[in-house]
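**Student:** Going by the numbering used here, the sequence shown opens with residue 15, and the numbers climb by one from there.
Accuracy of the hints is not assured; some may be wrong.
Said to hold, decoys possible - With a cut-off of at most 20 angstroms between alpha-carbon atoms, the simulated EDC-like pairs for lysine to aspartate or glutamate come out as follows:
1. K339 with D351
2. K160 with D80
3. K125 with E446
4. K281 with E292
What the hints assert, rightly or not - Label-pair restraints from in silico Cβ distances:
5. E58 with T389: 51 to 59 angstroms
6. E58 with Q452: 26 to 34 angstroms
7. T75 with P248: 44 to 52 angstroms
8. E438 with P248: 24 to 32 angstroms
9. T341 with S296: 23 to 31 angstroms
Please keep in mind that the hints were generated in silico from the structure rather than gathered at the bench. Where is the CB? At the ideal position from N, CA and C, for every residue including glycine.
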Amino acid sequence: MSNLMSNIVNEKKAMVIQRLLFAIFFACIVLMISAPAASAVEKEGHLKLLAVSESEEGNFTGSIADLYLTIKDGSGNVYIQTYPLLKVDTQISTRFGKDMACNYLNIDCSKYDFFYTIKASSPIVGGPSAGSAITALTVLLLDNKKIDESVSMTGTINSGGVIGPVGGVLEKIDAAAQNSIKKVLVPVSEMEVERGNETINVTQYGAEKGITVAGVATIDDIIYEMTGEKPDYPEDIVITEYYKITMREIADNLCERADDFSKEMSKNAFLLNKTDFELLNSSLALIKRSGEAMSTENYYSAASYCFGANVKLSELKLNREDMDKETIETLINVTLDLIKSMQAEIDSKAEETLTDLETYLIVTERLDEARLSATKAYEALQKNKSVNAEVAYSIERIESAKYWSEFFGKPGKKYLISKETLAESCSLKIDEAVERAQFLELFLPNSSYNIGESLSKAREYQAAGNYKLCLFKASQAKAQADMVLSVLGISESQLQTFIEQKLQIAKRVIAKQSLKGNFPIMGFSYYEYAKSLMDNDPTSALIYSEYALELSNLDIYFPQKSDEGKLLAKEEKGDKNIDNIIIPIALFFVSGLIFGFVLAEFFHILS
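All chains should be built: construct the whole structure from the sequences, respecting the hints.
**Tutor:** Written as C-alpha cells, this is what we have:
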C-alpha cells in the first residue's frame with residue numbers, strides 16, 4: 015500500500031514538474047514574440063489632400079485625394095505609391111516633405127522606413143502643392159500627435175518649413191466644402207487671389223461655403239492649427255561671448271586696414287583718373303556702411319563691408335604703383351607660397367568642435383578663393399593683360415583668412431569629426447543637393463544658378479578625399495537650389511515679407527543651436543549679413559538667409575562626444591523616449607501576467 019501511495023505521489027510530482035516546465039516554456043515563447051513586437055515602431059495616419067483636376071475641355075476643378083502614411087522600423091527608405099500615377103514632381107516633393115519633418119523634429123529618420131500612398135478618384139494635376147500636407151502628416155505621426163482629419167491644406171514646403179504659394183486655391187476650397195472638410199489651410203500669401211478682374215478674400219469665400227480658412231506661413235502654423243499647440247522657441251539668440259569678442263576683433267582689424275588705406279589713397283585724389291576715382295568713392299561708401307554696422311554690433315557685416323573696401327583700395331594702390339611685369343609676377347608667386355604655407359598650417363589642426371570645423375571651412379574657402387585669383391592673375395599676366403584687380407582680391411582674401419583663423423580652439427561641445435563621419439555627411443549632402451537640383455530642373459529647365467558649379471566642386475572635393483569642403487560646397491548647392499525653389503510663385507511685392515519669414519526661421523534655428531551649446535558661427539554670420547542686405551539687395555539677402563539655415567544644423571551629421579571622449583546618444587524629439595518608457599512597462603506587465611499564471615498553476619496542482 016505504501017508503495018502504491020509513493021508511486022501516486024511521484025506521478026503527481028512528475029505531472030507538476032511537467033506542467034510547470036510547459037508553463038515556463040510557454041512564458042518564454044510569449045516573451046520572445048512580444049519583445050520585438052512591442053519595440054517595433056509602426057504608425058499609420060491619413061489626411062485629405064486638396065488638388066485640382068483638368069477636364070478634357072481644359073477646365074480646372076477642385077478635387078480630393080487621400081494621403082496615407084505608414085512608418086515602420088527600417089533604414090531610412092521612402093516608398094511612394096500613387097493611384098493613378100502622378101508626375102515625378104509629386105514624388106520628389108514627398109521625399110522633401112519627409113526630410114523637412116525629420117529636420118523639424120531633429121529626429122534621425124535613418125532608422126525608419128516611410129510608406130506614402132496617394133489615392134485620387136480621377137487624374138489630378140501634378141505639382142508640389144501637397145508638400146505641406148505630407149510634411150504635416152509626417153510630423154504628427156513621428157511626434158505622436160492626434161491627426162484631425164477634418165482639416166486639409168494646400169501649399170508647397172520650402173527650406174526652413176516655409177509654406178510656399180500654389181494655384182487653384184478657390185477650386186480647392188470648393189472641393190473641401192463638398193467633402194465634409196471643416197477647415198482649410200492655405201499659404202498666407204494666398205489669402206487674397208485674383209479671379210478675372212476681381213480680387214477675392216479667401217477667408218470670406220470659405221465662410222460662405224461653411225469652411226474655416228486660415229493662412230499659414232510655416233509648418234509651425236500648420237501644427238498649431240491642427241493641434242492647438244504652439245512650439246516653445248527661445249525668443250532671442252544668445253550670442254556666445256567668444257563670438258562677440260573674436261568677430262569684433264576681425265571687424266576692427268579689417269576696418270582699421272580700410273581706414274589706413276583710405277587715408278593713404280585719398281592724398282592727391284584730384285590726380286586720380288576716372289576709374290581710380292570710382293574705386294576710391296565706392297570704397298569710402300563701404301567704409302561708411304561698415305561704421306553703421308559696427309554701431310549696431312553687426313560685426314560680420316562690418317567686416318564684410320571693410321573687406322570689400324580693402325579690395326578696391328588695394329587695387330587702387332597697385333594701379334598707382336604701376337609695377338612692371340617682373341615685379342608683379344614676383345608678388346603673385348609670393349602670394350601663392352603664402353597661401354600654400356597657411357593651408358598646410360590649417361590642415362594640421364584637429365577639429366573637435368563644430369566651431370573648429372566651421373572655422374576650417376571659412377578659412378579654407380578664403381584661401382581657395384585667394385589661390386584662384388592669384389592663378390588667374392598669373393595666367394593673365396602671361397598674356398600681358400591687366401591683373402591688378404585679381405592680385406588685390408587675392409591679397410585681401412589672405413588677410414581675411416588670417417583673421418578668421420582666430421576662431422580655432424574656441425569652446426564648444428565635442429563631436430566625432432572623423433574621416434568616416436565627414437565622408438558620410440559629404441555623401442548625404444550631395445544626395446540632398448542633387449534632389450533639389452533635379453526638382454528645380456522640372457520647373458526651370460537649363461537653369462543652373464551656380465548650383466551645377468557648386469555641385470561639381472563638391473564632387474571634386476569628394477573624389478579628392480576632402481570631405482570637409484565637399485560638405486560645405488554641397489550645402490551651398492542645396493541652399494542655392496532651395497532659394498530658387500522657394501521664390502517660385504512669389505511676386506515682387508511679396509518678396510520682402512518672404513525674406514523676413516526666412517530670417518525669422520533662421521533666427522529660431524540659430525537660437526535653438528545656441529541653447530544646445532553649438533553656436534553656429536557661419537549660420538549666425540550669414541544671418542546678420544542677410545539682415546543688413548534686405549533693403550538694398552533683397553536677392554543677396556535671400557541667398558544668405560538660405561546659407562544661414564543650411565549651415566546652422568551641421569550637428570545632425572556628427573555623433574556627440576562626452577568630456578571623456580565617449581560617444582553620446584543623440585537626443586531626439588518624438589517617439590524614441592516614449593518607446594523607451596512604454597516598451598519596458600509593457601514587457602513587465604506581460605511578464606507579470608505569465609508569472610502569475612505559472613504560480614497559480616503550481617498551487618492548483620499541489621492542492
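**Student:** Check the structure against each numbered hint from earlier and tell me which ones fail, lowest number first.
**Tutor:** none
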